[in-house]
Structure formats: structure tokens, C-alpha cells
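Protein chains in written order, with our numbering: chain A, 131 to 618; chain B, 66 to 542.
Among these hints, one or two may not hold up.
Straight-line alpha carbon distances no greater than 30 Å define the calculated DSS-like cross-link-like pairs of lysine-lysine that follow [what the hints assert, rightly or not]:
#1 A:K471 x A:K215
#2 B:K144 x A:K504
#3 B:K195 x A:K471
#4 A:K464 x B:K367
#5 A:K471 x B:K280
#6 A:K483 x A:K276
#7 A:K464 x B:K280
#8 A:K471 x B:K144
#9 B:K236 x B:K367
Label pairs and their computed distance ranges (CB to CB) [stated by the list, open to error]:
#10 B:L360 x A:P463: 51 to 59 Å
#11 A:E381 x B:S134: 47 to 55 Å
#12 B:P361 x A:S425: 38 to 46 Å
#13 B:P345 x A:E522: 26 to 34 Å
#14 B:N251 x A:H360: 31 to 39 Å
#15 A:P463 x B:E322: 30 to 38 Å
Some chain A residues flagged as far from chain B (calculated, every beta-carbon gap over 10 Å) [what the hints assert, rightly or not]:
#16 E138
#17 T173
#18 V174
#19 R327
#20 A378
#21 E381
#22 L399
#23 D412
#24 L493
#25 V508
#26 I538
#27 V542
It should be emphasised that the hints constitute simulated quantities derived from the structure, not laboratory data.
Computed from a prediction, not measured in an experiment: that's the story for all the values here.
Beta carbons are placed, not taken as given, at the ideal position from N, Cα and C, and that holds for glycine.
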Amino acid sequence: MHTRTLAELAAALRDGEFSSAELVGHYLDRIETLDARLNAFVTVTREQALQAARSADHARAHGQAGPLTGLPIAHKDIFCTEGIKTSCGSRMLDNFVSPYDATVVRRLKAAGVVMLGKTNMDEFAMGSSNETSWYGPVKNPWDLNKVPGGSSGGSAAAVAARMAPAATGTDTGGSIRQPAALTNTTGLKPTYGRVSRYGMIAFASSLDQAGTITASAEDAAMLLGAMAGHDPRDSTSAEVPVPDYLDALGESLSGLRIGLAREFLDDGLDPGNAAVLEQALDVLRGLGAAVVEVSLPNIGLSVPTYYVVAPAECSSNLSRFDGIRFGYRAEDPKDLTDLYKRSRGEGFGAEVKRRIITGTYVLSAGYYDAYYLKAQRVRQLIAGDFQRAFEEVDLIVGPTTPTPAFDIGAKVDDPVTMYLNDIYTIGVNLAGLPGMSVPCGFVDGLPVGLQIIGNHFDEGRLLNAAHMYQRETDWHRRLPDGFSPEPA
Amino acid sequence: MEWEVVIGLEIHAQLKTASKIFSAASTQYGAEPNTQACLVDLGYPGVLPVLNGDVVRMAVRFGLASHSSIAPRSIFARKNYFYPDLPKGYQISQYELPVVHDGWVDVVLDDGSRKRVGITRAHLEEDAGKSLHEDFHGLTGIDLNRAGTPLLEIVSEPDMRSAKEAVAYMKLIHQLVRYLDICDGNMQEGSLRCDANISVRPMGRHEFGTRAEIKNLNSFRFIERAINYEAERQIDIIESGGSVVQETRLYDSGKDETRPMRSKEEANDYRYFPDPDLLPLMLDEKMIESIRTDLPELPWDKRDRFAASYGLSDYDAGVLTTARGTADYFEAVAAGVEDAKLAANWVMGELAGALNKAGIEIEASPVGPDALQGLLSRIADETISGKIAKEVFESMWAGEGSADEIIDRKGLRQITDSSAIQSVIDQVLADNPQQLEQYRAGKVKLLGFFVGQVMKATRGQANPAQVNDLLHRSLDG
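Same shape as in the complex, but just chain A (with noise of 0.2 Å):
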């Protein structure tokens, strides 16, 4: 059944084929035999997830079954759920049991969603190839010797060998597209304010945004039906309709203006990823879209301005994690001054020191113009760009990574040249735009993602672009060796 894309496995759900328990009890035998090689999870909640699979059956039975009742989902590890573990990856919430439910997580639940676990991911997400995590790093099933991207890898790599249909991840820099595209998988990241922030663990609340996992673009309008709109418990969160996502997909592309961002096709691209990107462009114009090229100028100051912007936010946001009321906290402090440091010192990994320490640095008097102010104006310039580019075109395309996935290892001691693999996605979240990755080809074995923009809100034509190019390729169908079988 894991072949299958969340619709389908909807379709069989509905038409009786086979239960949900049965559905959940499948997945959850992929996880506890597949996983060992992937570490794609940090806490499974087998007993759960049966009883949530037996409770939605009930409701089919009884004719309250909805479109997504009883498909069973993997959530990042960065919401929270109430009485399950919530880590975000990091020792310091390795004994955080949360309280109440993210809101998407609240949402997919009342729409009859079943949670599978929670996934691994970079330590409170900040990474791009789930190396911080506390957890341990989690491998490609692509590649066991790869990186799945982050810092949403769990959850890419979890929906990759299908022992979830479906994740649900964040990005704040690229860390659902990326690791989409590093693992064959699609990945959504919403307009900044679609989804609620409420219960996900921020990292820069700016730049946050919800998002999901999942093995095709119809998946994922279905998700983010469920998952969308105003949260009075988020005042970022927009006051915009919901439309029906699934309604919009399989129009025509013809007389789609596309465009293709110049400024994308730099040196750093991979000439095997730009030889991938050619095809998928050739698929498009194809199904009737013209593709024509704009430029984002200032589009190459956006790692910079990211890694300025990200980290002031997050050194305020990390601040709660001060081992006083809750997750880790040193063993005998001396006084308060001790407890602090050593707390954090212990409690935190280096990817997230470092990222405290440059926006502490940032925020500092005398320093706080010529790097947040200024960076702040910088992204005004990036989101200008986007909007008239989109005066001009409906969607924009690109690569979602300069490379396919790397070794791990590969990168962890040249944090710049990590932070280079998301050079295409952070403008995306600087500017608060929708952003996808499909699945668009292989290079050298490992897949390579399509990356689709589109304007504020404009999620349905997104989708339904990425829906089109998949129903004419079948690159999202492809499962890596070794992890397609059914388990014996």
C-alpha cells in the first residue's frame, strides 16, 4: 500500500479496501524495520497511532468519516504535541513532554489525521543536512552515505522510504524544499502567514512557516486544506480565505507565463542539476506555459541578510530555554549565573551557539544598524524584486539546490559552505513567499528537485503547476532501492 500517494491510499480508505488500522499497522511496521538504517524518527507512538487508526474506522463506520480521516502522517519533531515528547532535536528538550498541540497539529487531528511519530530533524531546526540533530543524523534512503537535507530531513527522509505517506515539516531558509529535493520527495513551504505558527517551536519567527512532506502536489493541497487559514492564537497568522486546493488542480498550464530567475543559473549551480532543470523546463513549455526569463538583482545578498536576520531572531527566541521551567538543566548549579550558562552550554549543540552568538552579536548596541537594520532593508530589496518579477509572471522557477545531496561529514566543519546549499530558497521565506520542490530527475543516481515560486497566497496555482508537471512525469513515483519492498 506505501506505493501509493495520500489520494490514493484516501480513495482505498474510502472505498473499504482496507482499514485504517490496517493502513497505520503497515506504516508502523516499515518504521520498526526500516528505520534502524535511516533514524528518520525520534519517538514512534505506536499504541496511539492504533487507537487514533481504530477511532477513525469508528467514524467511517459511522458515516463521519472526512477526506482525510484515518491517513496516517509523520510531524517534525518541532510541534508540539500534548503528552508526546517534542524535542526539536536538541538535548535540551529531550525531556520536554509538551503540554497542548501545535495547531497543525490540533487541525490535522480534528480532521481525523492519524500521527505515525515524530520525526528527527536539525537541532531547533537549524541546519541543512540534519546534522545537528541530538538525535544522531538521519541518511538518505537515496544514499545511506548522504545527507537528506534539513532541517526538515527526518520528515523527507521518512516520506522517501515511505514509511509515511505524509510529513509535515517548517522552513525558514529552505528546510522543507531542500530536503525534499534531496530525497525525491514534494515539498511545500506556504506563504508566510497560511499556516499557524502556534505550537512550532520557533527558530525566526519572520521566516517560520509550516509546511508538508509528501509524495505528490495533489497530496499536499490536500494537507494544506486542512492545515490553513487564521489562527486567533497567531496574530501573524493572515486573515486570508482558504480556498479548495484540490479544486484548483488540472487546469491548463497553457498561457502560464513562467518565469526563469537569471541570477539562479550562477557558477554554483551543478551542470548535472542545470542539465535536470533544462528538462523539466522543456516539460513545462510542453503543457502550454511560456517560459520566459526575469531577474531578482539583489537576490545574491540573500544568504547574507538571511544568516543576519535568522540568527537575531533566534537568539531572543532561544532565550526561554534558560533550564528553569522546563527541559534541560545542569546538575548542581552553583548560583544563577551558573545555572544559566552551564544549562545552555550543556543543552544546546554548536550549530545553535553559533547561530545564538551571531544574533546576539547583530542585536548589540553600535552594531544593531549596520547589520539588522541594514539587513532588514536588504530583504525589503529581495521582496521588491519578487513583486516585480511577478507583475510580469505568474509562477518562477528554479533550482531548489545547487548540487545533489552531499556526504555526510561533508560539510560540518565549513558552516558558510553549508549555509551555500540553501542560496536559492532563502529568498523565498525573506520575502514570505509560497515555495515548492518536485521531484524534476536524477543526477548521478541522487534526485534533483524543481523549485516553483509563486505570490502571496497563490498556493493553488502553485500547486496545480506542480500538480501538471506530475501527472506528465512520473519522478515522484520513483522509490530508492531498498526501501520499496513490502517488509517481509
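With chain A held as given, fit chain B onto it using these hints.
Relative to chain A, chain B alone:
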């Protein structure tokens, strides 16, 4: 050398909302520790602040009343520092763009003169929790009930030139926030407290001296004493050749002195930046106008009206309008009696004394305005004298009934029958021949003695004017 003291106040007014500034938890004072702190107040992972609309309306009320500008767009910022009673590791406050700015109030001083004090700004922020250092065997307890309580920080210009002016300004703000119903003004519970910025300079000099900030003054008396102490301290330093250090100090009311706070707490770089969890606060003209329409009569307008329409002195009008409850009470009484001055005297005199002694607010007075009006009517129509009225008031206070009931029951009606009074006078003169002789020999001071005897014999009920008149005739005739 003659010195001038320069004072500016930062007043923290706790806004009177049912729930906190960014969460739905209750703001009720005095609950068991940590029972009124929800996940947002506790700074749990993943939670987000949502601005309480009542808080904004209250800030705008203050802004309009204090002739200030209301910012169409203001920003909440994070003030970052670590402290156990600050759960998030930052306080949400307004920094660069406050909601209220550039206003003023006129303060009436003791000598009746008016002093204009500029309001630099008034911004919204959340309060922190409390650290409890007692009863924890060397550990510190944290109570987060207060965390997230809404505060309006009202920052004045350095316009005050004496402790008395500062206290008068503080009293005006105290009065104003209560009129506006945005703060209960309870200084003991910390609902209204202030920090005082104090510096001294030689009289006539234009530049300010180096200032010290005295934190957390929570009574009018402490404000006055702390400022006076601090000004003296600074003058002593300068006169003995030293220079004042810019620092934060605490006032110790037990020792009546100020002393420096640990400098460590000042070394913070707060790294303010706009809170990305909150959108800019946008206020349109329509909303501001609807709040303006809703403003009550302000204390200074009420004071002027009382003086003009009731014929009261500025002083009386000022006292009666100190609190809205007193003013309302007075107006209810005055509406039914001819002599507003009589009503004023009773409200400021007997009633205020009784309330003060019992320690209750005027709203809870056992003698309501209608009842007091009933009593004053009996004075006006000479049924009883003012002196007897005080006795009746005591009975009314004790819940023995209305003025008329008590007068009738106790037979306190004033004796105005001249022949009845005359016969008492005759009897008194007959009983005191010696004093009568002395009086007639020129010791006219004894008139008071005879008045006393007559009043005693009539148990105080004889009309005092008539007694005087008839006694004069009997004695001098």
C-alpha cells in the same frame, strides 16, 4: 550656592483589564503563586502572544486625556535579558514607536498655581513575574502570576523642580487613570508605581546635571522623601567637590535613604528589536474618535465646572473632584439641596472623616447620597441644627434609619418656639444668680456659659440663633 532640582517621572500604571496583555490568563491580584499563569505567560516552547484589544483602548484613553498624539502605527519590541521571573528571556515593550507621545497635563500646586508637565510618551508593555527570596531555604521562588500583566509606562519630561511638584504630578496621574477607569490606582499593591529621574544644577544654569534613577517608588510619601534625600545627596557630593554618577538607585523607606542597585543589573545591553510575533499596532482615526467620544468628563474640567456652577472655592472643587466617586456623590447630594456649600462641607467633612475612619471607599458608604441629602434638607429647613445633624449622621452611619426616622424617634427636632426657649432662659438665670450678677457687672464673657446652660437644658435642641437673641435681651435688657 542655590540649587535647582530637576525631576522626571516614569510612572507604571497597571491597566485594569480582566486578562493579560498577551494571554487569556486572569490579572486578579493576590491569587496563589503560579495559578494565574498560562502557557503563554510561562513562555512555553511554541506559544505566541496575542494583543489584548482592551489594553490598546485604555492606552488611547490616556493619550487623548493627556493631550497627547496617538501613533497611527506603533511597534512592539523585545527587550532581551535573562532573569528567572522573565519567562521568555525578553520583555515585550514598545521602544522606538510608542502608541502615545508628546502630550501634557496641568498640575495645580498647593499655592493654587498651575504647572504644565510634558508627557514624553506612554507605551504599552508586559510586567514580569516576582522573585520570592524568603521561605525557600536559600533558594528563590518564582511567582509568574504577574507575568504578562499589562502596564502603561507614562514618561514625563524633566519638568518638575521640587519633590512637591513631583508628588502633585503623580497625584494628578493617579487621579486621571482612575477617572479614565484604566487603573485601580492601588499603590500598595503596586498597581501604580514610579521611577524618579533626579538631577541637580546651580540655579539659573541651563544644562542638566547628571541624573540618578530611583526605582520603584510606590507611595506619595516615599516619592517626596526619596527625591528630597537624593537631591540633598547630590548637592552634598557636588559641594564637596565630587561628581554625581549616573546610576540606578533604590529607596529604602526604613532607613529613609537611597543606595545604588548592584551595577551588574545595569550592565545589560537589551538588544531591542521589533517583535516578529506581533504585527505593528495600527490605529485609524475612526477608532480614535470613537474612544474620544467615550471619554468621561476629565478631572480638571470637572473641577472648573464645580467651582463655576456650584459656587465653590477652587480648593473645595479640587478636593471634591479628586476621585470620580466623590464627585459623583457630591453631585447627587447637591442636586437636592439649595446650599451646595453645605453639601460640599458635609461630603468633605463628616462623610470623608467617617469613610476614612472605617477605611472604605465612598462607593461603599453606608450613608448614600440620597440619605445624606435627606439629612441636609432638615438642616436647611431648620428642623435640626448642624450640631444635632452630626449626631443624626452617626446614627444613620450605624444603620438606624433615615434622617427623618431618627429625628422623630429620638425627638431631636429643634425648639424654635420663642416662649419655650424664654422659659428655659428664665429658669437658667434664676438658677445662676451669681453668674448673672458678674455678667451684669461687666463680665460679658459669661454669655457663653449661659448659652451652654440653655443648650444643655434643651439637650441641644434649642435653635442656637434664637437662644442667642433671647439671652441678649434677658441679660442686657
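Now the hints, each set against the structure:
{"no.": "1", "hint": "A:K471 x A:K215", "result": "24 Å, holds"}
{"no.": "2", "hint": "B:K144 x A:K504", "result": "20 Å, holds"}
{"no.": "3", "hint": "B:K195 x A:K471", "result": "22 Å, holds"}
{"no.": "4", "hint": "A:K464 x B:K367", "result": "59 Å, violated"}
{"no.": "5", "hint": "A:K471 x B:K280", "result": "28 Å, holds"}
{"no.": "6", "hint": "A:K483 x A:K276", "result": "25 Å, holds"}
{"no.": "7", "hint": "A:K464 x B:K280", "result": "29 Å, holds"}
{"no.": "8", "hint": "A:K471 x B:K144", "result": "20 Å, holds"}
{"no.": "9", "hint": "B:K236 x B:K367", "result": "16 Å, holds"}
{"no.": "10", "hint": "B:L360 x A:P463: 51 to 59 Å", "result": "52 Å, holds"}
{"no.": "11", "hint": "A:E381 x B:S134: 47 to 55 Å", "result": "51 Å, holds"}
{"no.": "12", "hint": "B:P361 x A:S425: 38 to 46 Å", "result": "59 Å, violated"}
{"no.": "13", "hint": "B:P345 x A:E522: 26 to 34 Å", "result": "30 Å, holds"}
{"no.": "14", "hint": "B:N251 x A:H360: 31 to 39 Å", "result": "38 Å, holds"}
{"no.": "15", "hint": "A:P463 x B:E322: 30 to 38 Å", "result": "34 Å, holds"}
{"no.": "16", "hint": "E138", "result": "33 Å, holds"}
{"no.": "17", "hint": "T173", "result": "16 Å, holds"}
{"no.": "18", "hint": "V174", "result": "21 Å, holds"}
{"no.": "19", "hint": "R327", "result": "6 Å, violated"}
{"no.": "20", "hint": "A378", "result": "28 Å, holds"}
{"no.": "21", "hint": "E381", "result": "33 Å, holds"}
{"no.": "22", "hint": "L399", "result": "32 Å, holds"}
{"no.": "23", "hint": "D412", "result": "41 Å, holds"}
{"no.": "24", "hint": "L493", "result": "4 Å, violated"}
{"no.": "25", "hint": "V508", "result": "16 Å, holds"}
{"no.": "26", "hint": "I538", "result": "28 Å, holds"}
{"no.": "27", "hint": "V542", "result": "26 Å, holds"}
In terms of the numbered hints stated before, the structure departs from hints 4, 12, 19, 24, listed from lowest to highest.
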